[in-house]
Amino acid sequence: MKQSLNTTSLGSINSDGSKKNIHPADVKGRFMFWRRAVSLVLLGIYVGLPWIPVNGFPAVFLDVLHRRFHFFGLAIATQDLWLGFFLLTGLGFSLFYITSLFGRVWCGWTCPYTVFLEHVYRRIERWIDGDAPARRRLDAAPWTAEKIVRRVIKHGLYLLISAVIAHVFMSYFVSIKGLYSMMQASPGEHFLAFGVVVFLTFALYGAFSWFREQFCVIMCPYGRLQSALTDDHSVIIGYDQKRGEPRGKASDPDAGDCIACNRCVQVCPTGIDIRNGLQLECIGCAACIDACDSVMSKLSRPKGLIRYDSYTGLQGGKTRLVRPRTIFYSVLVVLGTIAFGFAVNSVKPVRASAVRMPGGAYFVTGDEVRNQFFVRVINKLNEPAQFRLSLDGDMPEGLQVNGLDEMLDLPAMGEAQKTLVLSVPKAAFSGKIPFKVRVTDVDSEMSVLTSQLELLGPESESTPTKTLNAKDYIQ
Amino acid sequence: MDNPAPKDQDPNEPQLRDHVYDGIQEYDQKLPNWWLFTWYITMVWFVIAWLAYYQLGYGKNDSEAIEGQLARIEAIRQKDLEGIDDAKLWELSRDPAVVEKGKATFLATCVACHGPDLSAMMAGAKLPGLPLNDQEWKHGGNPLNVLGIVRKGAPDVTKGMTAWEPVLGLDRVIEVVAFVMSHHKEGEPVTLAPDSPLKEENAAPAAAGGS
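Protein chains in written order, with our numbering: chain A, 1 to 475; chain B, 1 to 211.
Because the hints were derived from the structure by calculation, they are not lab data.
Just to be clear, a hint being listed does not mean it is correct.
To be verified - Lysine to aspartate or glutamate pairs mimicking EDC-like chemistry, simulated, CA-CA at most 20 Å apart:
hint, chain 1, residue 1, chain 2, residue 2
1, A, 19, B, 28
2, B, 79, B, 67
3, B, 159, A, 367
What the hints assert, rightly or not - Listed below are several chain B residues computed to face chain A (Cβ distance under 7 Å; list not exhaustive):
hint, residue
4, 13
5, 112
6, 160
Cβ coordinates follow ideal geometry from the N, Cα and C atoms, glycine included.
Modelling step: build the complete structure from the supplied sequences, incorporating the hints.
Right, dumping it as structure tokens:
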């Protein structure tokens, strides 16, 4: 007996635990059209970014080998990776924000998993195996020569596409040039990269040829958070029960607008019946809207029996997009954006650090006290730069500075370590002197300071300069 | 089996188990087979990993892996050092490419104490380092003596010549020594400075041999 869909068990898992292959029917409509358009743009961006040069590097190039991360001409060094905190939390929070307003539009329209599955792999399947009934027939058919040929072609194409996607992914980390030279060499020479691409190829193949909606329904944590992220005013995909129920034949005057044609169920890629209300499995793809709209048009009934609307809206109320939750989220988004703006602006093109040279705190030769330091300068820009080094502090008379006199030329993203030797006559040294090293970019006059250093010497505090006078301590 | 499902249960819904606690009942649903299969793999993997790693000792723990890598680095360093002797260093000091690289490093790191012309003088002022362009040496004038001092630092730590091998790495240290030796000629006379520790060392074995 065929079990009808309910909200307590998965439509994509049979009662014996085996996976039910879902074959969504073809659907045409305005949302499908725009989803295809969006997916093409996104696929174009994904494939195109590593090919577009900005400032001599690919538009997005996560150069893990040299620990430099290029985003549209901005080169981020490892030292600036803390910016990633804002990027990741910002992306995560944006997802929350959008979900509170419009439900899971991310899943249905832009998630890479959906884009690859719906607009690449399912297209291939549709092309090789035909429409949904034909695919179901082929699944049930015995292994004839024709079925074998179709299966080999389909899975071959899946593997090919998976390999392409995996290679594009790899090119984000090694650049197209690096990828091409790696592809010319034997796999053993770049075993890690080769292994990653092979793993990704088979992971993508397995995910999109077989695992499919199981990932969204069972593994992806975002869908599980849906109930916490949406409320009665969040716009989701819903069925207008008031208008649709009771279901009945189109000719039945007592029945609602739903004619129980089951089109919305047939087109659903996660195997649910949207008429049971918002469910965990719903990825907000809007296929059921297009399906229902086309049926309603044929019956000359108003569209929108299934539509983007909030729970309140579906009950006949008015959807409020401005509500305490969204106001609070908006404030947080603005604050986060401002913080991110400050953070990005605070990234300096050069980094300077200094440490005392190992060996001794200070050296005494003759009547001179000497301190030795390492000064490390890192040019984070992807163009050569010239730097001027100077001392920043209240330096004593007679200080002899060695090691900072010359200009420091650094190649693009180069770094250098200089030795700084400070000598001061013993007589002029009267206690430790705090100072910093200032590194100035000659072109832009932008400068950075190292952390604080100290000029040390024989401790003069141990010999009090002033005799203790009890009067100083008594008022 | 003994207790059939409640009569009022919706035939479309999965079966309820008869166990009730605090009024809560569970559905009797099967987990997805792929999920169960993944779980079984973790069990099999646990047995393999437990046997191999904890019982039979295959695989290294983190500290062993780190020590292995450090030993590998040390072996490479030793191998690099094997080919280095006085003749090789003199040869490198005549190789303009090596000397040029050494010069760049020298001008960034050593110049602060030894001066750009190795005289340990800068604009008439004495720099902290020892002059390297004359034939008087404190720690010996053979290229290997110089290499030893640059690598390990001066024996007297109060003087300030630090060990450069941890900072620059062996390759760059050798380049710097090649640059320094390019200011000298093979076979030129070497005199030891009056305060050279080598003088005592040379004297001590002689005294010992005489007794």
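Checked hints:
no.: 1; hint: A:19 / B:28; verdict: holds, 17 Å
no.: 2; hint: B:79 / B:67; verdict: holds, 18 Å
no.: 3; hint: B:159 / A:367; verdict: holds, 14 Å
no.: 4; hint: 13; verdict: holds, 6 Å
no.: 5; hint: 112; verdict: holds, 3 Å
no.: 6; hint: 160; verdict: holds, 4 Å
Taken one by one, the earlier hints all hold for this structure without exception.
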